[in-house]
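Novice: Add chain B to chain A, keeping to what the hints say.
Just so you know, the protein sequences line up as chains A and B, in that order.
So for the first sequence, my numbering puts the first residue at 4; every next one is plus one.
So for the second sequence, my numbering puts the first residue at 1120; every next one is plus one.
Where hints are given, some of them may not hold.
[As the list claims (entries may be wrong)] Cβ-Cβ distance ranges computed for the label pairs, FRET-style:
{"id": "1", "chain 1": "B", "residue 1": "Asp-1253", "chain 2": "A", "residue 2": "Glu-485", "range": "53 to 61 angstroms"}
{"id": "2", "chain 1": "B", "residue 1": "Ser-1218", "chain 2": "A", "residue 2": "Ser-304", "range": "40 to 48 angstroms"}
{"id": "3", "chain 1": "A", "residue 1": "Asp-308", "chain 2": "B", "residue 2": "Gly-1186", "range": "40 to 48 angstroms"}
[What the hints assert, rightly or not] Within a straight-line C-alpha distance of at most 30 angstroms, the following computed DSSO-like cross-link-like pairs (lysine-lysine) qualify:
{"id": "4", "chain 1": "A", "residue 1": "Lys-606", "chain 2": "A", "residue 2": "Lys-182"}
{"id": "5", "chain 1": "A", "residue 1": "Lys-340", "chain 2": "B", "residue 2": "Lys-1221"}
{"id": "6", "chain 1": "A", "residue 1": "Lys-275", "chain 2": "B", "residue 2": "Lys-1150"}
{"id": "7", "chain 1": "B", "residue 1": "Lys-1221", "chain 2": "A", "residue 2": "Lys-324"}
{"id": "8", "chain 1": "A", "residue 1": "Lys-387", "chain 2": "A", "residue 2": "Lys-301"}
{"id": "9", "chain 1": "A", "residue 1": "Lys-566", "chain 2": "B", "residue 2": "Lys-1250"}
{"id": "10", "chain 1": "A", "residue 1": "Lys-392", "chain 2": "A", "residue 2": "Lys-309"}
{"id": "11", "chain 1": "B", "residue 1": "Lys-1264", "chain 2": "A", "residue 2": "Lys-275"}
{"id": "12", "chain 1": "B", "residue 1": "Lys-1264", "chain 2": "A", "residue 2": "Lys-111"}
{"id": "13", "chain 1": "A", "residue 1": "Lys-301", "chain 2": "B", "residue 2": "Lys-1183"}
{"id": "14", "chain 1": "A", "residue 1": "Lys-201", "chain 2": "A", "residue 2": "Lys-181"}
{"id": "15", "chain 1": "A", "residue 1": "Lys-324", "chain 2": "A", "residue 2": "Lys-472"}
{"id": "16", "chain 1": "A", "residue 1": "Lys-583", "chain 2": "A", "residue 2": "Lys-606"}
{"id": "17", "chain 1": "B", "residue 1": "Lys-1150", "chain 2": "A", "residue 2": "Lys-118"}
{"id": "18", "chain 1": "A", "residue 1": "Lys-414", "chain 2": "B", "residue 2": "Lys-1162"}
{"id": "19", "chain 1": "B", "residue 1": "Lys-1183", "chain 2": "A", "residue 2": "Lys-111"}
{"id": "20", "chain 1": "A", "residue 1": "Lys-245", "chain 2": "B", "residue 2": "Lys-1183"}
{"id": "21", "chain 1": "B", "residue 1": "Lys-1150", "chain 2": "A", "residue 2": "Lys-245"}
{"id": "22", "chain 1": "B", "residue 1": "Lys-1162", "chain 2": "A", "residue 2": "Lys-118"}
{"id": "23", "chain 1": "A", "residue 1": "Lys-118", "chain 2": "B", "residue 2": "Lys-1183"}
{"id": "24", "chain 1": "A", "residue 1": "Lys-615", "chain 2": "A", "residue 2": "Lys-583"}
{"id": "25", "chain 1": "A", "residue 1": "Lys-118", "chain 2": "B", "residue 2": "Lys-1250"}
Simulated from the structure, these hints should not be mistaken for laboratory data.
C-beta atoms are modelled at their ideal positions from N, C-alpha and C, and glycine is treated no differently.
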Amino acid sequence: MHLSLIQSLGILDCVVLKRSHDEEFAIVQHNSAWFTAIFGAETNARFIHLHDQSLFLSDFLLDAQDFWDMHSTGQIQSGVWTEIISGEEYYLEAIAASSEHEQYLVIKNVEQQFKQQRQTLQVARELLISNDEIVERHDYLNERLRSILINNASEESGLPLYEAIQFADIGVIILDEKKEVMETNPAAYRLFEMRPGKDKAEVFNILYGLLNRQYPEKPNLFTSSGSFSGELYWHQPPITHKWLKIDILCVESGSGEHNYWVLTLSDITRVKYLMQTNEELVLHDSLTGLPNRQYFWKEISQLVDKNQPFFILNIDIVNFKHINELLGYIEGDEILKQACDRMNSVLGRDFFMTRIGADEFMIIQTLDNNANAARPGNAETIEKDFETKASNLGTKLVDLMAAPFYSNEGKQCELGIKVGISQFPRDASTAEGLLSCADIALNAAKNDFSKSIKIYSDKLKVEANRRLKLEAALKRAIEKEEFALHLQPIFDLESGKIMKAEALLRWQLDGENISPDEFIPIAERSALINTIGRWVIQQACTIQAHLNSININIPLSLNFSPKQIHDIKLINFIRECIDKTKIDATFLELEMTEGVLVHNYDKVRSFLNDIKQTGLGVSVDDFGTGYSSLSYLKHLPIDSLKIDRSFIDEVALDEDDQAIVGAILAMASALKLNVVAEGVETDEQKSYLLANRCLMAQGFIFSKALPLDEFISFLKKQKA
Amino acid sequence: MLQKKVCILGPSGVGKTSLVKQFVEGIFSEKYLTSIGVKIDKKIVNEGFTPVQLLLWDLEGVDKYCGFNPRYLRGSSAFIFVADRTRMSSIAETMEIFSLAKQHLNVPAVLAINKQDLPLSIKWEDNLLDKHRDSFDSLFLTSAKTGQSVEQMFRRIAELVTA
Chain A
4 MHLSLIQSLG ILDCVVLKRS HDEEFAIVQH NSAWFTAIFG AETNARFIHL HDQSLFLSDF
64 LLDAQDFWDM HSTGQIQSGV WTEIISGEEY YLEAIAASSE HEQYLVIKNV EQQFKQQRQT
124 LQVARELLIS NDEIVERHDY LNERLRSILI NNASEESGLP LYEAIQFADI GVIILDEKKE
184 VMETNPAAYR LFEMRPGKDK AEVFNILYGL LNRQYPEKPN LFTSSGSFSG ELYWHQPPIT
244 HKWLKIDILC VESGSGEHNY WVLTLSDITR VKYLMQTNEE LVLHDSLTGL PNRQYFWKEI
304 SQLVDKNQPF FILNIDIVNF KHINELLGYI EGDEILKQAC DRMNSVLGRD FFMTRIGADE
364 FMIIQTLDNN ANAARPGNAE TIEKDFETKA SNLGTKLVDL MAAPFYSNEG KQCELGIKVG
424 ISQFPRDAST AEGLLSCADI ALNAAKNDFS KSIKIYSDKL KVEANRRLKL EAALKRAIEK
484 EEFALHLQPI FDLESGKIMK AEALLRWQLD GENISPDEFI PIAERSALIN TIGRWVIQQA
544 CTIQAHLNSI NINIPLSLNF SPKQIHDIKL INFIRECIDK TKIDATFLEL EMTEGVLVHN
604 YDKVRSFLND IKQTGLGVSV DDFGTGYSSL SYLKHLPIDS LKIDRSFIDE VALDEDDQAI
664 VGAILAMASA LKLNVVAEGV ETDEQKSYLL ANRCLMAQGF IFSKALPLDE FISFLKKQKA
Chain B
1120 MLQKKVCILG PSGVGKTSLV KQFVEGIFSE KYLTSIGVKI DKKIVNEGFT PVQLLLWDLE
1180 GVDKYCGFNP RYLRGSSAFI FVADRTRMSS IAETMEIFSL AKQHLNVPAV LAINKQDLPL
1240 SIKWEDNLLD KHRDSFDSLF LTSAKTGQSV EQMFRRIAEL VTA
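Pulled out of the complex, with its shape left as it was, chain A reads as follows (with noise of 0.2 angstroms):
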């Protein structure tokens, strides 16, 4: 079709010049008013000097002007522009284009794209911004109570906690440990047009109801620590009808005494109505363009009701909130689409894969019911290969992911995922069921350090039951009096005499011993470690009182989470139980493994100055499994380092660990750090330590840890 016919027709409004030379061109087609009006080229003209008349278009001529020297085909866009003339505005774009040594120059009308770029943009932008709002609202209120809360404020006089919330404009509800309401805001009242009551708890109640019903796979959110972001729908016939953006925060207070549940609450009607005048937006992520939560649920829904047989794989981004602190929030969503490219390019068409939080996904593929009718075997095989393409799938995006990404400043980061799996109809009848499953499976994957994916069974759900059973238990273990300090003595390998001792915590539920690799995971996750910590604090502070007052005067090492790095009223309760108990600071020490002392740089360094004007020492724990980086030991105030016990297991024999603990002596002994190396079992390691200069070994051929009375008897029996 001839160009004029085009233009003609109103397909294309355009003008195309053909390039004579400098800013000089010739008219192929121009038939515009508006080229005529902005650069003054009549109707008949056969030629146009292209100078001032646009400004954005003389800056584009430059970028042309170097494509056109290159003589390479193809063409460069201008981006579109606006141009203001007479009062009227003119929306254009322009392209530098080549062709058999000819060079030409169109320029295009494109006041349709515009407009309806712009109507899209417009609600899209709108949302953004009404949603940042928001976002940055509850956060902002969020992390002010957090504060008052885990400083008591609240406990002291009621105001600063009453202040913050009366006068919001955001809903608040506070629970208690009992679940019982403490407080409910005005806004919160007024969310759901009611007037403050003498029932605190009928907001609640109604948040309550709407919970369980719009996210049943969700159950726990009261019972496990941690925190909940979500949307409820809330309906009160026959008019009242409400979006509400809902966040649940679960808080410990700093003694460790209490957990706190802020709800936070806001109207997001008018962000869901800007949605919905944006069908592509009511169903689908803005920034990575997939599927969304709703669009998840709806999928979901229709092939559990087609009783398909299908697996879901429950994916979650590895720490990406660092990535965001790292990088920025722009480079971090760049980040997350290059993640989501990446995952998209092994899938095939066959996979649904939906965005679904801002950092999980969830990836469905359905298997054709006829074909496995068709195949040989039995259901159980169907199932079995099944898993096997589901666990594939898994592998292979967790080895895609583990490559690293870079920003378009071509910083270098890393990404991992965790995933979950779940499978219908095997693990569940219903959508939210099948979800609960991927949703346990994926929590399992969080809590193995060794696996990236895990597959539902009925074991993990009764290991995630024990996971729930244990946290409950832990908040009553201090009071109940279940957690006990063993001590396990550190010896000088030359003279055989207890130098140190580390103190470790035990804890026995009903009869059982739980070992700490299963509770303190639990407890980091939930906060209970800030509470736990203080205990052992104290408890070693007493024990080393009564060792001090029967006259054994040997220093104690404690172990430090790194949760505990986040409790700022730490340093102080420290001092208070050493005052309290009389005994010498540098009889203590804290022992901090690497990863403590490289994610958190700043504060830890500030923290540990504080520590060392306190008077305690301070030891690497598991030192060499962790960082590379070694820079933290110059700058930070360390006295000794722990050889970790992987490396202490076959130094008698391989060479490699030879190695690494002759370079680790080498370093402390010109850094003038201790040393001392973890889990010597056998004659042979001990004999290579002594050997090469460790001077300081524990590990169970000297004693495993003892109760503080059997620590006394073995420490008696060695001296006399």
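Specialist: Below, chain B without anything else, positioned relative to chain A:
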């Protein structure tokens, strides 16, 4: 007449176009109308120093729908970065855009914290602005609606580009 190109940069919805409109035409519209692409306005500033015609390149806001395009910065004599005081995240986004722009062109830059006429629902950290103040030649607390500090900011820009 001396002409100088000045780019107005920032996230979407912070009021870049409104600031230019207030400065060039002295008007403000309550309705938010998103910008697409580039629009160039001109205004002569001739008070107290060399008269200069500012060529104000109002660039589409950077967000998930429109990336940062360094090509438009070419030949710019100064930058105006705009953030929205009612959205704390816009400060962080503006600082990211600032750092991207500075990698391409190191010219004088001012920061406008716009929408001063609106109430704050969030209390800013006291030192948040102090942290960024030194990165810019000047910082202005502006309102495109009331005109607060708008004239002063563009005059400062004129001063910087003619210095």
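Novice: Tell me the numbers of any earlier hints that the structure contravenes, in ascending order.
Specialist: When the structure is compared with the hints, numbers 4, 12, 18 and 25 turn out to be violated.
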